[in-house]
Amino acid sequence: MCGVPAAVVMGGQVHVRSTARMRPGRETKDGMPNALAFAISMLETPSASERPRRVAVVGGGAAGFFAAIQAATCARNAKRDLQVSIFEANASVLGKVAISGGGRCNVTHAAFDPAVLAEGYPRGRRELLGPFETTFNARDTVNWFEQHGVPLKIEEDGRIFPVSDSSQSIIDALVRTAQSLKVQVHCSCPVQHIQVLDGQAQGRFLLKLRRRLAQQDSNDEQMFDQVLVAAGSNRQVMRWMHELGHEISAPVPSLFTFASKDSLLQGLAGVSIEAQVSLVLPEEVKKGSRKASARAFGLVQRGPVLITHVGLSGPAILRLSAFGARLIHDLTYKFDIAVDFLPSSESTMTLAAIETAKVRYANKIVRSFCPLRTDPLAQTTNDGSGLLKSSPSIPKRLWQALVVSTLGTSRETIKWSELSKAECERLCRTLHGYVLCLACSLPERSWTSMALREVGTSRTHGLQATLPAKTSASLDNRHPESPSFISIACAFRSDVSKRCSWFICRSQVGGADGHRTTPAFKPTALAKRRCMGKGESQSFRCLSSFE
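Under this note's numbering, the first residue of the sequence shown is numbered 77, with each subsequent residue one higher.
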């Protein structure tokens with residue numbers, strides 16, 4: 077399900093009590109994690125004469141909506157008076173949810189094993205394993221929606237959609253639940269600045285809005301006890317976080333397609349094939365620790381590869397760019413990739429099939445007949461007519477281009493019987509390791525890593541999040557081993573101060589449908605990734621997750 081990529085909650089004057097008798101991770105009777113209820117209980121209980129506590133959620137996307145719902149639900153269960161308000165800059169909320177999954181909203185992925193779920197994240201797999209096991213995961217997401225009147229279904233590739241095949245079902249459930257909890261939603265009301273107050277209001281937050289909430293308000297400023305920022309990847313939001321004491325690291329692009337002017341790809345736009353792609357490292361990176369470090373980035377990916385009119389796209393390419401984002405950046409986007417067009421077959425098997433074709437299909441033109449089959453057993457059998465039973469493992473247009481690239485244009489009409497041993501070996505090497513020369517593959521989107529620390533303290537927590545600088549128009553997830561969209565909310569506990577920072581990271585892994593592209597670096601069916609990096613696993617307690 078598409079939503080706002082990240083959120084940060086900054087709570088003022090939160091008194092931390094002993095957590096020894098309450099272990100986060102199990103749900104309340106309303107389906108909310110106990111940890112979030114515990115976080116609400118840590119707030120000082122106001123007396124009858126005191127004002128109710130106020131929580132502001134900046135951003136009306138999926139992350140903001142669900143966080144607001146959870147806060148309001150836990151406050152209600154704890155019988156606390158809590159006012160929750162959502163501020164959305166656009167005229168309507170949950171806009172990205174409406175268009176995700178082609179309008180059907182792929183809610184999550186059927187990766188119910190926490191270990192499998194964590195493997196889908198380019199960074200932070202080890203840190204996410206614990207939260208997935210004890211707090212909230214894909215199964216919890218499914219349970220929550222079904223408890224709120226939205227039955228879901230699992231498709232063959234593992235994606236989970238509402239039975240209605242309409243994202244409106246998801247939107248209605250979130251809006252309906254928020255309304256039942258009296259969460260106030262203010263559209264066309266962007267927040268322009270967040271200020272931490274001192275003096276008597278120390279620990280509270282002053283939000284400057286573009287307009288007044290009501291006519292009787294004296295100005296366009298509102299005061300809140302906690303603020304959750306779920307405003308996406310707006311650069312202004314990053315500046316707020318910096319002003320509030322959070323450390324912002326340099327942006328690094330991730331999850332993009334590769335541009336290439338290689339002659340092999342000319343005229344092949346639209347061709348899709350299951351392949352294995354790997355980064356070809358420059359000579360200075362091929363030895364020693366840098367090589368070992370490079371391997372750790374996941375520089376070999378297997379899956380559907382789509383040839384576009386500008387280069388390569390598809391889930392395998394997107395995963396390669398995401399898992400190797402840091403290294404690719406260090407290489408200044410000057411690199412090549414090797415493509416194995418037959419990842420299910422050993423090179424020795426391929427060479428044997430080619431040499432067999434020299435005899436069995438001696439009079440057939442190499443360029444027009446591919447003897448390699450999707451079923452390896454079919455490569456040595458036929459139905460008596462001389463034709464192989466299963467379909468070719470390489471699309472016809474791609475096969476023709478590979479043959480011409482290997483043998484040259486002067487050998488376009490060569491027959492199988494006329495191939496030399498050296499040409500057979502060259503053709504085999506091409507099929508299993510064609511090196512594509514890439515143009516500069518820097519995309520028109522950048523990502524930001526944030527290391528969060530508690531506002532007002534000197535202790536920095538190593539937990540990181542990767543955020544996008546731009547959003548894509550359409551989302552589709554085709555990775556059977558990866559989740560779609562999961563958010564992780566964490567409460568940071570400090571030994572220095574009794575103030576807490578809450579953090580929600582939209583950890584999303586997805587792929588592309590592999591069938592639609594627009595001009596360079598702008599794939600319309602692009603699923604974004606969010607992940608958390610190295611962190612102090614003992615310094616936080618996860619509260620909730622969803623998106």
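Don't read these hints as lab results, they were simulated from the structure.
All C-beta atoms, glycine included, are put in the ideal place defined by N, C-alpha and C.
Each hint should be verified, as a subset may be incorrect.
DSBU-like mimics (lysine-lysine), calculated; alpha carbons at most 30 angstroms apart, straight line [claimed, not checked]: (1) Lys410 / Lys434; (2) Lys172 / Lys258; (3) Lys172 / Lys337.
What follows is a list of derived Cβ distance ranges for each label pair [what the hints assert, rightly or not]: (4) Lys410 / Ala290: 51 to 61 angstroms; (5) Arg201 / Gly343: 18 to 28 angstroms; (6) Pro358 / Lys284: 13 to 23 angstroms.
Against the structure, the hints:
1. A hinted pair counts as satisfied when its Cα atoms are at most 30 angstroms apart, and Lys410 with Lys434 does not qualify at roughly 39 angstroms.
2. The hinted pair formed by Lys172 and Lys258 meets the criterion: a straight-line CA distance of about 23 angstroms does not exceed 30 angstroms.
3. Between the alpha carbons of Lys172 and Lys337 the distance comes to roughly 34 angstroms, so the proposed pair goes past 30 angstroms and is violated.
4. For Lys410 paired with Ala290, a C-beta distance near 56 angstroms keeps the hint of 51 to 61 angstroms intact.
5. Evaluation of the 18 to 28 angstroms hint for Arg201 and Gly343 yields a failure: the beta carbon distance comes to about 40 angstroms.
6. Our hint of 13 to 23 angstroms for Pro358 and Lys284 is violated, since their Cβ atoms are close to 49 angstroms apart.
Taken one by one, the earlier hints fail for this structure at numbers 1, 3, 5, 6, listed in ascending order.
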